[in-house]
Each structure stands twice: as structure tokens, then as C-alpha cells.
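Work the whole structure out from these sequences, hints included.
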Amino acid sequence: MPTSAMPGTGLPVPPRPGRSRMSPRSVLLWATVSLLGAVAWGVLALARGEKISAVWLVVAALGSYAIAYRFYSRFIARRVLQPDDSRATPAERLEDGVDFHPTDRRVLLGHHFAAIAGAGPLVGPVLAAQMGYLPGTLWIVAGVIFAGAVQDMVVLFLSMRRDGKSLGQMARDEIGRAGGAAALIAVFAIMIILLGVLALVVVNALAHSPWGTFSVAMTVPIALFMGVWMHRIRPGRVVEASLIGVALLLLAIAGGSWIQNSSLADVFTLSPTTLVFCLVGYGFVASVLPVWMLLAPRDYLSTFMKIGTIALLAVGVVVAAPVLRADAVSKFASTGAGPVFAGALFPFLFITIACGALSGFHALVSSGTTPKLIQKESQVRMIGYGAMLMESFVAIMALIAAATLEPGLYYAMNAPAGLLGTTAESASHAVAGLGFTITPDQLTHAARAVEEQTLIARSGGAPTLAVGMSEIFSGVFGGTALKAFWYHFAIMFEALFILTTVDAGTRVGRFMLQDMLGNVFKPLGRVNWKPGIWLCSGLVVAAWGYFLYTGATDPLGGINQLFPLFGIANQLLAAVALTVCTTVLIKSGRRRWAWVTAVPLTWVVAVTFTAGWQKIFSDDPKVGFFAQRARYADAIDAGQVLPPAKNLTDMHTVVTNSTVDGILIALFLLLVAVVIVNAAVVCVRAVRSPHPLPTTESPYVESRIDRPEQADEPLVGAGS
Amino acid sequence: MITRGWARSVRWYLRELTGEAEYDRYCERHRHHHPLAPVPTRREYQVLRALHREEHPHSRCC
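From first to last, the protein sequence lines are chains A and B.
Once you know that position 44 of the first sequence is 28 in our numbering, the rest is easy, because the numbers rise by one and skip nothing.
For any residue, its number in our numbering is found by taking its place in the second sequence, counting from 1, and adding 928.
These are calculated hints, taken from the structure and not from any lab test.
Straight-line alpha carbon distances no greater than 25 Å define the calculated DMTMM-like cross-link-like pairs of lysine to aspartate or glutamate that follow: (1) A/K290 / A/D88; (2) A/K290 / B/E948; (3) A/K514 / B/E982; (4) A/K467 / A/D250; (5) A/K506 / B/E983; (6) A/K606 / A/D621; (7) A/K514 / B/E972; (8) A/K606 / A/D618; (9) A/K514 / B/E983; (10) A/K514 / A/D499; (11) A/K290 / A/E224; (12) A/K506 / B/E982; (13) A/K290 / B/E950.
The following block contains the structure:
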């Protein structure tokens, strides 16, 4: 029995639904759900050569989620984690009304979902659509059920039992110094890559688009206005400020259309490089300004837009019931020679779709704010597992939006610029070379329908998703007249998420850096020493800005080069999180159930290490960074310029970028290997030890909250 | 009547989700623990809250 053994309390213990049989009604209900899901999967698997409705994807996914939530998450809760509702959670014990306070589970679900869901589940599935919709769907659904949601739930539970400790701290406490330090550095490095790649998505979506640039730029004054409103004019009125903000935002999107056709259009038509500098400058300012001015209001705006748009998209998909035009499994799934990302289905599909199936970054949220707010232990199931299922559903919808596009258009938008050229004719020709068709006319028409100058090589996922969403939305609300509005709505909404992540990430990165550097030079560690703040903000911004800049100027296409790096980084973080979970399960005498996290851990280690290995050692210059470097370096020695590079400067850029990327991947793998080896040593020690090794779980305190809905007296002697 | 019930639930949820309701909770707590001290105004609370957020950044995922 783990340390969570329930002592004899006089409290009425809630009846254990445990071994009791299911009622006939519930048997009937779950049989129907299973049947529906099975039929939908059957349709997806058997439909060949004919176009099927996206509704089947939705039904298959929702059916699977329902069954997984009802049965698997309950199994994990009851057998593996054994939450105990008579035990006071940190929210109750340490209640301070600020960081710790028991929060209604529905509210906390909203909080947690808003913190984990962002642009990630929207971008990855769009890129992965190059292999067809079926492999992506299978991975999103199976991945979330057996890996992603399990990780989120278990990390949340462990952190909750440790007063809301962060993943890094848990790694240090449960695994050891070396593992803890490696985990900390890995988290920081991975965050930098993540911010760089996400910002690159924004740059690619806004380049040469005055409409998009205007509406996204307007989010800054809108946020400032909201900040002043909530802080000065009507303090604390968040809801009304957010509603005003959303209204202004919709106005800004509509206004973009007017800007585009006015003399101001040139001011907002920016090249990728200019946008990079704007974003870097913005990131720095946002990190230095007081939170209430920019960051907090943006966060509210983004949360409202997130929940609203996702709900709208779900309604749109069900009502419009679009037909999936992409192949179920494309030829690139087997050849691995796709233009969007290179490499075979295993492992590269599984790192391209990270968020939505398994995202290591969630472990940081699950071990951050959420565990400090949980009212009752058993709620980790709904909040940890449930919120991740919701995010997975967002990923499914993004995949649907991409798969409803004509494949010709999809490739014209997502292949690298070097391959497609800049004219409709060259792009049409290049797409034909890939084995798909789109006429130059169709391409021009598609761009005109959403009032963009061009849709060629608008990689990064956001524009593709926006076109897909505009198709779906205009089919339900407003018809073709509103197509351009919906396109820019979708762009704005993604950019808003990403900029919120960039703001928050830069700030978190700054604190981590200050913390680390504070060990070397004391004043740097002080969170209110201005020069320290500026220096560390500058360093963090410069770090992700570097990747952003190289991505925006990379002749081989930044997304195509950097997205695998991002995916590997994110999944490696998941490997660290699952390692911590598995170690704790084994240490606390739950070896029998350790497979619950050990199986996804094995899988994610296999995926990331194979992908990393190929990225480092593959002979194929399209896949291996060092093979690519050698190819271009040799050409430079021979005085040649290899397309898509246009001159020797481009050639040198490719050489530098592939070297940096290759070294980074090697570094990541090394750090994670240190964590895993360190953990393995601890696990062996735990298995050999006759009694469970000590863990850092906080001791049992009896809960005073009898029913989840009525929080009354605070605990005497616990908390402030 | 049903719509009013709905509107109330939505308002409750939004106020809780955005943290607007935090102030009420804070005041209640304050009165309980320090019955003699004056309760901070909404404006003062907002400043306290902003200061706190300044030093406790939240991660946002991708």
C-alpha cells in the first residue's frame, strides 16, 4: 500500500461504486456508445476511394474519448493513484486566498483547459495531414487516451500530493540532483525552441498580409485599453472588460478589410524579417511591462476567444458536415518523401503531432497552478484527464479543417517556398510534380476568396487551418461573402494564442533564467532588480528570437526545418514527465501498476530517440541535419549553389542552421538520457529495497470539506 | 425563468473563471481573519493582485 493509505476516520466514506455492477441502463448506454464509435471507426477504415463525411471522424473520436474517460481514467484513478477525498488537498490545507484556494471543479477545468490548449493542437495536425487523415487521427485518439491524458492526470496528482511542486522540483526530489538539473536545463531549452517555432507560425501567417497584420497589431492597443479599464477605470471588472475587448477585436478584424484597400495598406504590408524584429521587440516589451498592462488582459482576451472559437468550430463541423478531400493514407506515409516535413511515418508523424496527443509542456501546467486549486483529490480525473481529452478534440477538428481542403491547394500552401516558386504557374507546376493538381487559376481564385495576395507557400499550419475554417464557417454562417472575414478571424485567433504563449513563456523563461543565474551572481536572482529583469528578458528574447530569425530566413523553409525540432523537444519533455511519474509509482510500492506510465514512456522514448537519431545520423540530407550540412558545405567548397539556395550567403545560412539544429537535438537527447538513467538507478534501488523508499509526499491531513460544493470553515492550524 | 437561471449560471461561471469573484472571497476571508482591520477597496485589492501576478508567472502551453 502506498503512503496514501486511508487512516480510520470517523467520516462517512462515500459509497464506493467499486465492485458494484453497472445498472442495466448504464450497460445499455455504454454499449450504444461503443457501438457508435466502432461503426464510425469501421467507416473510416473501410472507406477507400470514396469521399466520406468528417462527421465520422468526430463520432469515432468522441466515442473513444467517452469510453476512455469512463473506463480507463477510472481504472487509473481507482487502482493506480487511489485518490482519497477524505484527505485535505493543498488548496484546503494551505489556503491563502491567493495561490491556494479550493476551486469549483468546473471552473478549474476551464482554467486548466485554457492553460494547456493553444496553437499547438491546431498546427501539428495540419502539417501531419500530408500523410493523410487516418494516421493522424489514430495517433491523436490513441495517443491522448494512453499517453497524453495519462501524463497530465498523473503529474497533476503527484504535484497535488506534494503541495503543487513543479516538475523540475519533483525530478530533483524523486530522482536525484543530476536528473533534476538535467530536467531543469531541458525545460528551459525546450521552452526557447517552442517560443521560436510558435512565433514563426505567426510570422508566416502575417507576412505580406496587411489585413492580418493590422488586426493582430490592434490586439496590442486593445489589450492596453482593457488593462487600464480593469486596473484603473473599473478595477476588477474582468468580464465586462473582456466583452468589450472581444467586441473591439471583431471590429479590428472587420477594419482590416478596410485597411487593406486603403492607402495605409503599405504600412501594414511587412516582410518576414521586419515581422521578426517586431515580434522580438514586442516580446521584450511585454516581458518588462507590468503584467496588468498587457499580459493579463491579453490572457483574458485569448481565453475568451479560445473557448468561443473552439465551440464555434465544433458546431461548424457538425452542422456543415464537410467532406474529407484528403486521402485517408497518402503516399507520403509510406515513402516519407513528403514536402511538408521529411521522414517516415514512424517516428516523424508522432513528433509532428505533439499537442493533442501527448504534450510534455502540459506537465509544466499540471505541476504549476492547477494542483494548488483542486478541491478534492478525485477531481484530478476530470481536470487532468478530461481537459486533455478536450484538447485532443481540438486537434481532431484542426485535422478535419486541413483534410477538407483540396489536396492540391494544401500542398501549394504547405510545401517550402524554394520548391513552389512565387507565381501561381510555378506553384501549380510544382504541385503537379508532387502528384496533385491545382490550376494557376484555382490558386489565384482561392487567394482572392480570402482576400490575400497569395496563398503559395504559406507554411506553418495557421493559414491552411484558416482556409479550412473559413470554408467550414462560411458554409454555416454568412456564406461566401464572409469567407475573407472568417479567414482573418482564424488567423487572428491563432496569432492571439501564440502571442499569449510568447508573452507568458518569455516571462516564465526570464524567471527561470534569473533563478539559475542568481546562483552565480546574487542580485540577478532578485525578481525586482530592474537591470536583472532587463538583462534576463533580453537574453530570453534573444534566444528565441535567434530561432525565429533563422526560421524566417532559412532557404529550406523554417517550418520544415524547425518543426521537427519543436516536436522532438516537446515529446522529450513528456519523456521526462513520464519518467518522474514511473519512478514515483515504483518508489511508492505501486510497481504492479507502473506500466500505466511506463508503456507510454517507452513509446515516447522510442519515438524521440529514433527521430533524434535520424535527425543526427541519417544519410538522407532531407532528414539528417549533418548530412544536409555536409552536402551544402561540399557544394560551397566546389563553388556551387544548390537550389533552393540562391547564392553563397544562402548556402552558408543552411550550413550554420543545420549545424545548430543538429547540435541542439544531440544536447536534448543527452539531457533526457541523463534523467532516464538516473531514474532507472533509483527504480532498481526501489525494487531491491525490502520496503518502499521514502517519497516526498505531504503527510495526511483530514479534510473538512465534506461535499465538493460547500467549502466552509478553514482548517485550524493548516495554512495561514 | 429558465433563461434567467441560465444567465445567472453563465455570469457565475465567467466571474469565477476570470477571477472577478476573487475579491469577494478575499473580503470574506479578510473579515474572518482580521475582523477589526478595514477591508481593502477593490482598487487596492487590484494593485495587490497585480503585484502578486508580477512575481508568479503562469505557464501557457502551446
